[in-house]
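Visitor: The chain contents come next:
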Amino acid sequence: MMRLTLIGLFLLLARISAAQDSAAVKRFELRGYVKDMQILNYDRGFKTLITSNLIHNRLNMRWKIDEHWKAGVELRNRLYWGEQVSMTPNFADNLRNKNEAFNMSITWINSTSLVLHTNIDRLWLEYATQKWNARIGRQRINWGIASTWNPNDLFNTFNFIDFDYEERPGSDAVKFQYLTGPMSNLEVTGALTEEGNLRGISAARYFMNWKNYDIQFIGGWYINQPTFGLGWSGSIGQTGFKGEFQQFVNHGNVGAQTNLVLEADRTFKGGWYMDTGMLYNSSGIDQPVPDWSTINLQFSPKNLMPTKWNVLYTATKQITPLLTAGSGFVYAPQAKLLIILPQVGYELTTDLDINLVWQSFFAQQTDAFAGLSHRIYFRLKYSF
Amino acid sequence: MKRKSFEWWYEVIILLLAISPAVKGQSISAKDVMQKAMDHVRGKTSRAEMTIRTIRPTWSREMTVRTWSKGEEYAVVQVMAPPKDKGVAFLKRKKEVWNWIPTLERSIKLPPSMMSQSWMGTDFTNDDLVRESSMVNDYDQKFVGDTVLMGRSCYIIEMIPKPETAIVWGKLLVYIDKQDYLELYTRFFDEDGTLASTMIATEIKVLGGRLVPSRVEMIPADKKNQKTEIIYLGLQYDAPIDDNFFTLTKLKNLN
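Residue numbers (this note's numbering), protein chains in the order written: chain A, 1 to 384; chain B, 385 to 639.
There is no bait here: all hints are sound.
PhoX-like mimics (lysine-lysine), calculated; alpha carbons at most 20 Å apart, straight line: (1) B:K428 to B:K478; (2) A:K211 to B:K479; (3) B:K634 to B:K454; (4) B:K420 to B:K589; (5) A:K70 to B:K470; (6) A:K26 to B:K470; (7) B:K555 to A:K269; (8) B:K546 to B:K479; (9) A:K317 to B:K607; (10) A:K131 to B:K636; (11) B:K636 to A:K26; (12) A:K26 to B:K468; (13) A:K64 to B:K634; (14) A:K131 to A:K64; (15) B:K634 to A:K26; (16) B:K415 to B:K428; (17) B:K611 to A:K269; (18) B:K454 to B:K420; (19) B:K470 to B:K636; (20) B:K415 to B:K555; (21) A:K64 to B:K636; (22) A:K70 to B:K636; (23) A:K131 to B:K634; (24) B:K607 to A:K269; (25) B:K470 to A:K35; (26) B:K526 to B:K546; (27) B:K478 to A:K211; (28) B:K634 to A:K70; (29) A:K64 to B:K470; (30) B:K468 to A:K35; (31) A:K317 to A:K269.
Stretch by stretch, here's where chain B covers chain A in the computed footprint (C-beta under 8 Å, at least three residues): (32) 166-173; (33) 223-235; (34) 316-325.
I should point out that these hints are in silico values taken from the structure, not numbers from a laboratory.
For every residue, glycine included, the Cβ atom is placed at its ideal position computed from N, Cα and C.
Assemble the whole structure, with the sequences as input and the hints as a guide.
Guide: Pasting the structure below:
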């Protein structure tokens with residue numbers, strides 16, 4: 001049924017697209033990209049190598065129905081093959097975003113040699129007037145302010161390691177926004193999460209701009225406990241200064257939790273950009289972990305990082321307008337967890353980009369502080 | 385007595401005649417000239433469409449950009465092409481600048497230090513595009529000479545950034561046409577006094593009902609065969625734009 005609906009949707013959109021070509025007003029827009037990525041997975045000592053390849057196509061569609069109505073559909077088609085596919089049990093199951101309330105994905109091919117998966121990660125309808133707007137459907141609720149960890153993002157936490165998912169996951173939600181002034185608004189959002197175990201998140205955010213600071217206040221109900229938060233973005237001298245605080249209140253048998261992020265960023269002469277920050281997760285791990293495979297790495301608003309204290313540092317340099325290189329690290333001192341993330345990007349032509357991304361994981365283990373694994377990604381991206 | 389009275393008037397008239405050209409020449413300050421130049425190029429409001437071409441010895445890149453401005457306080461810049469960057473937009477409100485990233489459907493507030501950095505890989509800075517700093521209020525201006533450029537008589541104005549501003553330049557030399565107040569030529573100097581880049585405005589024509597340079601080149605001083613050029617495709621002046629256009633809500637809903 002889902003397949004037929006999807007195919008029908010494609011045909012409809014193709015027809016609208018063709019009809020629009022001749023029309024003067026561009027009401028329908030289709031954009032996207034195709035990426036090919038070679039993935040190399042090394043063990044701690046670079047002794048064994050598991051490879052896989054991903055062809056990834058994204059389609060972003062916008063339809064301006066009239067002055068007030070607008071619709072959006074975005075989907076990603078991913079074709080995987082290689083050792084990682086054949087060696088990982090139920091590989092296709094891991095491609096689902098477990099936070100989505102409704103399953104809008106299809107596994108077209110599911111074998112140990114090839115997996116083809118489509119997921120609709122945006123599907124919404126919006127009505128807007130001068131003073132207010134409402135959007136229903138799968139959408140991204142962007143309450144986050146900081147770059148890597150977003151305590152204020154109660155609806156659709158993203159995985160900062162997953163660099164290949166630039167658009168980040170969406171949420172099945174209803175959002176209502178009322179504009180209280182040119183630079184202030186009140187947003188009320190309700191969402192469902194986790195298919196099969198449906199639970200609700202509802203929260204309101206008041207956003208304002210005050211003395212050159214963007215400031216937001218958040219209050220609501222996260223699954224089974226009240227929560228409130230504060231976020232800001234401004235500057236001290238030449239340096240950008242932002243932060244997010246979120247408190248989950250003790251309720252019934254669910255304990256309290258505090259998440260806090262502080263971050264500063266600045267550019268320097270010669271195309272340098274530096275970003276430094278910290279995350280405190282009161283429920284995080286505060287000692288070395290003997291076996292990291294037992295740790296919950298499913299990111300959520302209450303699990304932005306499994307560890308308690310975390311610092312991050314990123315430096316990037318634009319070497320030429322076409323060539324950018326950078327490196328970052330994330331370190332959790334108590335758990336002695338270190339992630340190193342160097343990368344290089346080069347623009348081959350206006351629409352063709354090439355990226356080399358490296359991810360190395362190190363941690364204190366029973367014997368010593370050593371590597372856990374190393375991943376190398378080599379990616380080619382064509383945008384249209 | 386009569387004769388003395390006449391002499392008095394005579395002296396006043398002579399004096400007036402003598403000083404009137406000087407009065408005419410000096411009644412306008414360097415700051416006023418800069419104000420007129422900015423008012424001329426900006427209008428009460430402006431909308432523009434332009435091509436920005438970054439040129440290097442072995443390659444070049446082109447993008448299409450739309451801009452809106454209202455006075456000195458508000459501006460929006462939106463990238464229309466290439467597809468990869470389409471929809472990327474910048475909002476300036478007084479001293480604050482936000483960057484709208486359509487992929488993320490999110491706006492990011494830029495740190496002030498970002499203003500002096502390259503705008504999307506071009507030889508223009510973020511500040512050149514959104515004009516976060518004010519050519520009138522953030523500098524101390526003075527006349528340092530006159531010259532003729534492209535057959536047009538020009539003031540040469542030296543501009544020193546005020547210490548409290550975030551401007552990275554040590555000094556600017558701005559050449560402004562005396563008749564139509566066109567900024568035709570600007571030399572940007574580092575804090576240590578070396579020439580960093582040169583801006584040249586040419587191809588003067590009527591766009592949006594005003595005489596303006598339709599081609600602006602930014603040439604870095606220390607790099608051979610490198611420059612970025614802006615070619616205005618269309619300009620519209622003084623059409624009303626609501627203040628609410630220059631907001632984060634509008635930024636995400638630009639067509």
